[in-house]
Amino acid sequence: MYQIDCPHCGPRAQSEFTFDRPVEAIVPPDAAAADALQALYTRTNPMGVDDEVWRHTYGCRAWLVLTRDRVSHAIDAVRALGPEALS
Amino acid sequence: MSGPSRAPDGRENIRFTFDGKEYLARPGDTLAAALLANGVGLVARSFKYHRPRGIMAAGVEEPNALVTVGLGGRAEPNTRATDVFVHDGLIARSQNRWPSLSSDAGAVFGLAAKALPAGFYYKTFFGPAKLWLKYEALIRRAAGMGDAPTKADPDSFAQRSAFCDTLVVGSGPAGLQAALTAAEAGDSVILVEQDAALGGSLLVDPDPALGADWIAQTIARLRELGARILLRTTAAGYWDHNFVTLAERLAEPGAVPSHGFAQRLWHVRAGRVVLATGVIERPVPFTANDRPGVMLSRAVRAYVRRFGVVPGQRVVIATNNDDAYLTAQALREVGAEVVAILDARTQADVPAGFPVHFDARPVAAVGTLHHLTGVTALVGGRTVAFKADLLAVSGGFTPVVHLHSQAGGKLDWNEAAQAFVPGAIAQVCTSVGEVIAPLPAPAVVPAGSPKKSFVDFQNDVSLADIDLAWQEGYRSVEHMKRYTTLGMATDQGKLGNLVALQRVAQEQGVTVPQAGLTTFRPPYTPVTMGLLGGPGARNAGAHVRRIALHDRHDALGPTWQPAGYWFRPRAYPQPGETLGAAALREARAVRGAAGLCDVSTLGKFEVSGPDAAALLEIACATRVANLKPGRGRYTVMLREDGLLMDDGTVWRLGDNRYLLTSSTGGADRMAQHLSYIRQVLRPQMRVSVVNVQEHYAGLALAGPRSSGIIAALTGASAPAHMGVVAAVIAGVPVWVLAASYSGERAFEIHGEATAMGPVWDALLAAVKAAGGSTYGLDAMDLLRIEKGHVVIGAEADGRRGPYDLGLHKMLNPAGGFVGAAGLTRPALTAAGRHRLVGVEAIDGAPIAEGAMLVAREGAKVEGHVTAAGRHVLGEGGIALALLADGPDRLGAEFLATSPTRGMHTRVRVVSPHFYDPAGERYRD
Numbered sequence: 016m017y018q019i020d021c022p023h024c025g026p027r028a029q030s031e032f033t034f035d036r037p038v039e040a041i042v043p044p045d046a047a048a049a050d051a052l053q054a055l056y057t058r059t060n061p062m063g064v065d066d067e068v069w070r071h072t073y074g075c076r077a078w079l080v081l082t083r084d085r086v087s088h089a090i091d092a093v094r095a096l097g098p099e100a101l102s
Numbered sequence: 062m063s064g065p066s067r068a069p070d071g072r073e074n075i076r077f078t079f080d081g082k083e084y085l086a087r088p089g090d091t092l093a094a095a096l097l098a099n100g101v102g103l104v105a106r107s108f109k110y111h112r113p114r115g116i117m118a119a120g121v122e123e124p125n126a127l128v129t130v131g132l133g134g135r136a137e138p139n140t141r142a143t144d145v146f147v148h149d150g151l152i153a154r155s156q157n158r159w160p161s162l163s164s165d166a167g168a169v170f171g172l173a174a175k176a177l178p179a180g181f182y183y184k185t186f187f188g189p190a191k192l193w194l195k196y197e198a199l200i201r202r203a204a205g206m207g208d209a210p211t212k213a214d215p216d217s218f219a220q221r222s223a224f225c226d227t228l229v230v231g232s233g234p235a236g237l238q239a240a241l242t243a244a245e246a247g248d249s250v251i252l253v254e255q256d257a258a259l260g261g262s263l264l265v266d267p268d269p270a271l272g273a274d275w276i277a278q279t280i281a282r283l284r285e286l287g288a289r290i291l292l293r294t295t296a297a298g299y300w301d302h303n304f305v306t307l308a309e310r311l312a313e314p315g316a317v318p319s320h321g322f323a324q325r326l327w328h329v330r331a332g333r334v335v336l337a338t339g340v341i342e343r344p345v346p347f348t349a350n351d352r353p354g355v356m357l358s359r360a361v362r363a364y365v366r367r368f369g370v371v372p373g374q375r376v377v378i379a380t381n382n383d384d385a386y387l388t389a390q391a392l393r394e395v396g397a398e399v400v401a402i403l404d405a406r407t408q409a410d411v412p413a414g415f416p417v418h419f420d421a422r423p424v425a426a427v428g429t430l431h432h433l434t435g436v437t438a439l440v441g442g443r444t445v446a447f448k449a450d451l452l453a454v455s456g457g458f459t460p461v462v463h464l465h466s467q468a469g470g471k472l473d474w475n476e477a478a479q480a481f482v483p484g485a486i487a488q489v490c491t492s493v494g495e496v497i498a499p500l501p502a503p504a505v506v507p508a509g510s511p512k513k514s515f516v517d518f519q520n521d522v523s524l525a526d527i528d529l530a531w532q533e534g535y536r537s538v539e540h541m542k543r544y545t546t547l548g549m550a551t552d553q554g555k556l557g558n559l560v561a562l563q564r565v566a567q568e569q570g571v572t573v574p575q576a577g578l579t580t581f582r583p584p585y586t587p588v589t590m591g592l593l594g595g596p597g598a599r600n601a602g603a604h605v606r607r608i609a610l611h612d613r614h615d616a617l618g619p620t621w622q623p624a625g626y627w628f629r630p631r632a633y634p635q636p637g638e639t640l641g642a643a644a645l646r647e648a649r650a651v652r653g654a655a656g657l658c659d660v661s662t663l664g665k666f667e668v669s670g671p672d673a674a675a676l677l678e679i680a681c682a683t684r685v686a687n688l689k690p691g692r693g694r695y696t697v698m699l700r701e702d703g704l705l706m707d708d709g710t711v712w713r714l715g716d717n718r719y720l721l722t723s724s725t726g727g728a729d730r731m732a733q734h735l736s737y738i739r740q741v742l743r744p745q746m747r748v749s750v751v752n753v754q755e756h757y758a759g760l761a762l763a764g765p766r767s768s769g770i771i772a773a774l775t776g777a778s779a780p781a782h783m784g785v786v787a788a789v790i791a792g793v794p795v796w797v798l799a800a801s802y803s804g805e806r807a808f809e810i811h812g813e814a815t816a817m818g819p820v821w822d823a824l825l826a827a828v829k830a831a832g833g834s835t836y837g838l839d840a841m842d843l844l845r846i847e848k849g850h851v852v853i854g855a856e857a858d859g860r861r862g863p864y865d866l867g868l869h870k871m872l873n874p875a876g877g878f879v880g881a882a883g884l885t886r887p888a889l890t891a892a893g894r895h896r897l898v899g900v901e902a903i904d905g906a907p908i909a910e911g912a913m914l915v916a917r918e919g920a921k922v923e924g925h926v927t928a929a930g931r932h933v934l935g936e937g938g939i940a941l942a943l944l945a946d947g948p949d950r951l952g953a954e955f956l957a958t959s960p961t962r963g964m965h966t967r968v969r970v971v972s973p974h975f976y977d978p979a980g981e982r983y984r985d
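Heads up: the sequence lines are chains V and E, in that order. If you use this note's numbering, the first sequence corresponds to residues 16 to 102, in order. If you use this note's numbering, the second sequence corresponds to residues 62 to 985, in order.
Derived by calculation from the structure, the hints in this document are not laboratory data. Here a beta-carbon is modelled for each residue, glycine too, at the ideal position from N, C-alpha and C. Don't take each hint at face value.
As the list claims (entries may be wrong) - Pair ranges (Cβ atoms, derived):
{"no.": "1", "chain 1": "V", "residue 1": "T57", "chain 2": "E", "residue 2": "R582", "range": "32 to 40 angstroms"}
{"no.": "2", "chain 1": "E", "residue 1": "A257", "chain 2": "V", "residue 2": "G74", "range": "33 to 41 angstroms"}
{"no.": "3", "chain 1": "E", "residue 1": "R582", "chain 2": "V", "residue 2": "N60", "range": "22 to 30 angstroms"}
{"no.": "4", "chain 1": "V", "residue 1": "M62", "chain 2": "E", "residue 2": "R582", "range": "45 to 53 angstroms"}
{"no.": "5", "chain 1": "V", "residue 1": "R58", "chain 2": "E", "residue 2": "T815", "range": "23 to 31 angstroms"}
What the hints assert, rightly or not - Not everything, but these chain V residues come out facing chain E in the computed CB check (under 7 angstroms):
{"no.": "6", "residue": "C21"}
{"no.": "7", "residue": "P44"}
{"no.": "8", "residue": "D45"}
{"no.": "9", "residue": "A48"}
{"no.": "10", "residue": "A92"}
{"no.": "11", "residue": "V93"}
{"no.": "12", "residue": "G97"}
{"no.": "13", "residue": "L101"}
Claimed, not checked - Now the stretches of chain V that chain E is said to cover, found in silico as 3 or more residues with beta-carbon under 8 angstroms:
{"no.": "14", "stretch": "34–42"}
{"no.": "15", "stretch": "51–59"}
{"no.": "16", "stretch": "70–84"}
One chain only, chain V, in its complex shape (with noise of 0.2 angstroms):
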């Protein structure tokens, strides 16, 4: 089980957290259809490092991103996604 450093909870265990999908799986709803389709559909699935979307479901409910290693399972980092996130 592992260790997420959820940026607005702290550290807390993985069961309080869901995968949703690869950051590059993210479908804008207003994208082109041929590169919706690409997106969803033709991900690159990279042995290694990786950008993926979570969410602190049982906790405090926010969007993540996490930088994790798919081999080693190491969490390079977390960082916020949604309102707070923006600058």
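Could you slot chain E onto chain V? The hints should help.
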């Protein structure tokens, strides 16, 4: 006297039974020690060949002495006799034998060992099926371990989370020292020990350099520094990010817990983990190396030194290392005779005074059912026979790298010790003590018959099985493992896996690391299922959500129906009324007068702010922005792939304020979806989305008399169909939404959940006065089927798009909503898709839900019934169905066949709108 024994010293005050016979034990005895003390040599029968087995080890690695302890639901099968501390009244039984341990009919399988080689099952599968059926019955009865208890476990299991700076696994000298060092440096420390006593190897081999009191002093100092010390606790699993699960025994297996819980599962997050897990001694392969009386050398020493048991009087020791000489010393101290030490090495610097034979290997152990009588050996090429009642064996030492390996650590090969030792590891984890420095022990070529030289005792895997797997082409150790079942028993091959790997390496002419190693998986030792379930095992895991008006419904005696996390009234049967009759009566009340139903569990979201409509136009696939204040509409929400996620209604309560409802079952998913849209897709929008599912309780009032009831209770005319007004009923502010699910003029009344009691009371009184009734889920289903309204989960089953359910005409032509791109996929509108239709029984018979639609019996399935009902006011079965190209086949006839329900009904394809297709009944 021969065989194991112990001279009584007056402390034998614990009574226990084994196979019905009563024995005495000393405090601190393991069941294995107590059995040996009482001269019991035969303890078990082996899994496959029913070979007689005794006690081989003194720790959790014991492969042979598996027993069932405890009675009834508390019975724990396959418990290692070496891992149970005897308690007064302990009841232990042997396993896998009939009629008794001494005269076991299954032993015939041992004689037939030739017929049951590795891969026997796989080969048999290729034979005629009839043959397999014959074998199966026989094998299932004969091959086995203890019986699973048939009664519920009466014990409770606890779970607890903890964190610490340093977690130390193992309390031998290295573990204790590591814990002490960490604690003195100011770390918070958890020290776990699977044994009932701290000290590890010091309990058997005291270290004069440390002094006799070192353990006690260290424990006292650790306690003083606030360290948490957990005895009888196994670090069972080592997971990501230094997360370690511990299984703590609060009561011995089979015992009645004295403090409420039988075991406790710990979830520990450690800053650093120190593994002082030690080593497990390897057996030596030779003929009948599994007999009672063949015991690991260190186990012999443990029984002598820790438990005062002398496992044999005339002892032969077979070794390839120096450690076994300490066992010889220990045996001599208690007066046992060391007949011979067979040292496989050609020379070594060993203690003087023992009958040592170099270049000597055991060939065979001989004995009776219960005890050993002799050993034959190859000494310098000559065969020599020894009389002995104990053969102590040491084939070297296998470091317990399980946790290190589970944690993702690499393993290095130590050639001198013939062992894998902990290598590089990414987690913050270090191994200390003997686990990183096993004693040198060279590889030895076995001298006995491979067929009877066991390497996996618990699964009866011999060297011959390993050879056979190699001959038959199994090159990978992972394949060899699965073919022979090596290491797949409850001990996971702790004892002999490495001996088998050495064999594979020898056969392939490679080194052991080149031959490969199978994966170490948690748990380290078996874990009781109840422990993992914890409190949740008694239904405490799934919470129950009660609707706000639960008690008011309950007073009416409904049949409750689980719906998601909720319980909802399914129907309110009158005395003597069946559920079906009640549902029909309730549905007819709605069609004829008025009905009242609780819809509080609907998903509800309040969306407000300048960008509220814009956000809703992303979530909903229909238009929202053109809704006028005070109006609402039916809407659908799509997944990104264009398939239906949910449906509901959207209402414009004010200029920038909307209420979105969605299905009960999908409410949590919808909350997540809206949050994703709001926070991830459109963080810059000025809009707030609040989940008000439980804030509002909702009541549905339906039927031709409903608008009159609303007018009377609110003092104003009821809103027109799909209109919404704020009103006050029984003094409670509510929203009145004119929406219909039933097909009648209908309303939903939503108000603050805690305040809705008087609203319910007022509506119920009015409904009754109008000749109506409460109605539940079953009546609601009858009504909506007749109206042709789809349900998420039934018609929208996760494979349907809007086109399939006839909803495509309501989609927002401007696009821009979630799923718009997915909808462009050609397959979603291709010919042959299963689309929504109604079906009507030709002869009026009932239609089975889930029935398949076929042209005739045996023909290909062209669709299925998603929801079956009947005409509410009239007679005859009707249903909604998904049928290939359904809307193009109105009038076609099919057989709706359900072999599982034994219902086969001729049906005709019709429009799904059975009732009031023009929608005239929505209006007053």
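If you test the structure against every hint from before, which numbers come out violated?
4, 5, 6, 10 and 11
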